[in-house]
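So the protein sequences, as listed, match chains A and B. Take 154 as the starting number for the first sequence in our numbering and just add one per residue. Take 15 as the starting number for the second sequence in our numbering and just add one per residue.
FYI, nobody ran anything at the bench for these hints, they're computed from the structure. Warning: the hint list may mix true and false statements.
[What the hints assert, rightly or not] Label pairs and their in silico Cβ distance ranges:
id, chain 1, residue 1, chain 2, residue 2, range
1, B, G190, A, Y219, 57 to 67 Å
2, A, A208, B, V172, 45 to 55 Å
3, A, Y219, B, A137, 23 to 33 Å
4, A, K225, B, A176, 37 to 47 Å
[Said to hold, decoys possible] To give a feel for the contact side, a few chain B residues facing chain A, derived at Cβ under 7 Å:
id, residue
5, R133
6, L139
7, A140
8, F142
9, L143
10, T147
11, L151
12, I152
13, P153
Small disclaimer: the values here were computed from a predicted structure and weren't measured. All residues carry an ideal CB built from backbone N, CA and C; glycine is no exception.
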Amino acid sequence: MGLLHALKDTTSRIGFFCQIEILVGPETDAQFHFTGIKKYYKSYTLTGRMNCVLATYRGIALIVIYFKLRSKTTPAVKATQMDFKVYLIF
Amino acid sequence: MNENLFASFTTPTMMGLPIVVLIIMFPSILFPSPNRLVNNRLVSLQQWLVQLTSKQMLAIHNHKGQTWALMLMSLILFIGSTNLLGLLPHSFTPTTQLSMNLGMAIPLWAGTVITGFRRKTKASLAHFLPQGTPGPLIPMLVIIETISLFIQPVALAVRLTANITAGHLLMHLIGGAALALMNISTPVALITFIILILLTILEFAVALIQAYVFTLLVSLYLHDNT
């Protein structure tokens with residue numbers, strides 16, 4: 154934590170995880186050189202942000218579909234003769 | 015004197031026929047089209063006003079954004095003139111109706127968003143996540159940014175409706191109070207009347223400011239997406 158506090162600059166902080174280049178002009182994806190999964194899912198690059206957003210929407214859609222399918226397949230509880238006899242006793 | 019406080023907000027009819035469309039179209043009569051190279055004073059003043067507003071509003075836009083110049087100028091002129099005409103006594107103000115303001119806000123906002131998604135799909139989608147967001151916060155922030163996007167047209171419409179309606183209601187109430195206080199206490203009635211005059215001046219300003227704010231926000235949404 155002490156090491157992180159010492160690094161105030163965001164660019165320097167990112168530099169721990171990837172190689173960076175300082176370019177003149179507006180920030181672009183080209184100045185970050187992430188590797189592995191960070192190349193596609195890092196919130197510092199435009200591509201990474203887009204993929205994170207799409208992944209979040211896909212996750213929400215999957216959760217909604219899961220609960221919709223679960224409510225369809227769960228059978229309704231039907232009253233049986235045994236339940237009726239128990240009701241009569243009480 | 016109106017029967018109740020909200021009589022001025024009901025849809026106007028004349029001999030049973032709704033005339034709200036005529037009332038909405040009425041402000042356009044007040045803006046004559048220039049048909050000469052050198053026009054009369056009124057048209058010259060109108061042209062000067064439109065040029066001043068368009069220069070200020072379109073300065074931030076690129077070429078694509080400036081294609082919306084006619085839409086934005088029409089919008090500010092329409093809302094401004096409708097609000098000002100609504101300050102006339104016993105007149106109906108279309109911008110007090112949420113249905114009308116939603117009818118303006120939603121298509122304009124949707125137009126800017128669709129323009130953004132068509133021209134810069136990656137940047138438009140990336141807009142939902144601020145740069146540098148820590149990993150665990152990403153899903154929450156994406157949901158919050160999505161909700162804030164869909165709230166924009168509702169906020170636009172409700173802001174205009176609430177400001178104009180509240181102003182008209184206040185004027186109606188304070189005017190009624192000043193009239194009622196005439197028989198009770200003349201000095202207090204005079205103070206209430208002065209407050210009414212100040213409020214009317216404020217309402218003139220609010221009418222123009224709300225038109226400007228509505229158009230400016232649409233312009234900003236367009237700027238974000240072009």
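Now the hints, each set against the structure:
1. Look at G190 (chain B) against Y219 (chain A): about 59 Å separates their beta carbons, and that is inside 57 to 67 Å.
2. Separated by about 33 Å at the C-beta atoms, A208 (chain A) and V172 (chain B) break the suggested range of 45 to 55 Å.
3. Distance hint check: the CB atoms of Y219 (chain A) and A137 (chain B) are about 31 Å apart, consistent with the given range 23 to 33 Å.
4. The supplied range of 37 to 47 Å is met by K225 (chain A) and A176 (chain B), whose beta-carbon atoms lie about 43 Å from each other.
5. The beta carbon of R133 (chain B) is not positioned within 7 Å of any beta carbon in chain A (closest approach about 14 Å), and the interface hint is therefore violated.
6. Among the interface hints, the one on L139 (chain B) holds; its C-beta lies about 4 Å from the nearest C-beta in chain A, closer than the 7 Å criterion.
7. Taking 7 Å as the C-beta contact cut-off toward chain A, the hint placing A140 (chain B) at the interface holds, the least distance being around 4 Å.
8. The closest approach between the C-beta of F142 (chain B) and any C-beta of chain A is roughly 5 Å, which is under the 7 Å cut-off, so the hint is satisfied.
9. The beta carbon of L143 (chain B) is positioned within 7 Å of a beta carbon in chain A (closest approach about 4 Å), and the interface hint is therefore held.
10. At about 4 Å, the closest approach between the beta carbon of T147 (chain B) and any beta carbon in chain A falls short of 7 Å, and the interface hint on this residue holds.
11. Restraint check, L151 (chain B) versus chain A: the minimum CB separation of about 9 Å is more than 7 Å; hint violated.
12. With a cut of 7 Å, the hint placing I152 (chain B) at the interface with chain A holds, because the nearest CB-to-CB distance is about 5 Å.
13. The beta carbon of P153 (chain B) comes within 5 Å of a beta carbon in chain A, closer than 7 Å, and the hint placing it at the interface holds.
Figure legend: structure checked against the earlier numbered hints; hints not met, in rising order: 2, 5, 11.
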